[in-house]
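Chain by chain, the residues:
Protein chains: 2
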Amino acid sequence: MTARRRGDLFDPECPTRQLLDRVGSKWTAMCVLVLDETGTELRFSELKRQMSGISQKVLTETLRALERDGLLTRRVEPTSPPRVHYGLTARGQSLAAPLRQLRWWAEENMPGVDDHRRLYDRKRAR
Amino acid sequence: MTARRRGDLFDPECPTRQLLDRVGSKWTAMCVLVLDETGTELRFSELKRQMSGISQKVLTETLRALERDGLLTRRVEPTSPPRVHYGLTARGQSLAAPLRQLRWWAEENMPGVDDHRRLYDRKRAR
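Chains A and B are the protein sequences, given in the same order.
Residue numbering for the first sequence follows our numbering, starting at 1 and increasing by one per position.
Residue numbering for the second sequence follows our numbering, starting at 127 and increasing by one per position.
These are calculated hints, taken from the structure and not from any lab test.
Which residues of chain B face chain A? A partial, calculated answer using Cβ under 10 Å: (1) 139; (2) 146; (3) 245.
Bear in mind that the values here come from a model prediction, so they are computed numbers and not experimental data.
Beta carbons are placed, not taken as given, at the ideal position from N, Cα and C, and that holds for glycine.
Construct all of the structure, not just a fragment, from the sequences and the given hints.
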């Protein structure tokens, strides 16, 4: 019997913590969530519009990292000029569920966290 | 009727995306997960030992940010020298569920992601 390979977040030698860091970052999360909600492939310009605030450079880097990890497909349509379409792989789709939960938590708790920060900073300023 | 306040990840003016970025980062996630799994308060040295690889400086910053957000309690025991105990607030505990899911995803998918990266880099190197 072969042991099932699996990462370990608490092992400093294991790259799982870097993976978590990246998939839990705002741009990666937003990109996966947009593609998952749309349910189809999107072009660069459509992604950029929906992920409001992202720069061209950061979106390019985000997409390349997701493609390298096997979470994103990049399909080039042989038109002139070529059109590039981005979609989620099955593994990328499997990431959408935990990210939806994290998004839900952040949106739900943002007002309470904001109130607490104000209180904390006022106490500290005294 | 008052509208229920709620953040919006896709609004560039809303601080939700910064909150998601931070709570989805490896050290915040590990800190919340350790405290949630332990189920009791921990001292700085115990947290540092369990979050192997973290520096004293980064742990201090991580704890302060969590405290400022109202996710962590900091209790000073009036001994000599004073002992400081860290624990999760109810809001901090509510973050543990989505983080457990994200951790599970990262640990489960790390080997597959790693394989895909190797393949991708080999193709690019040709």
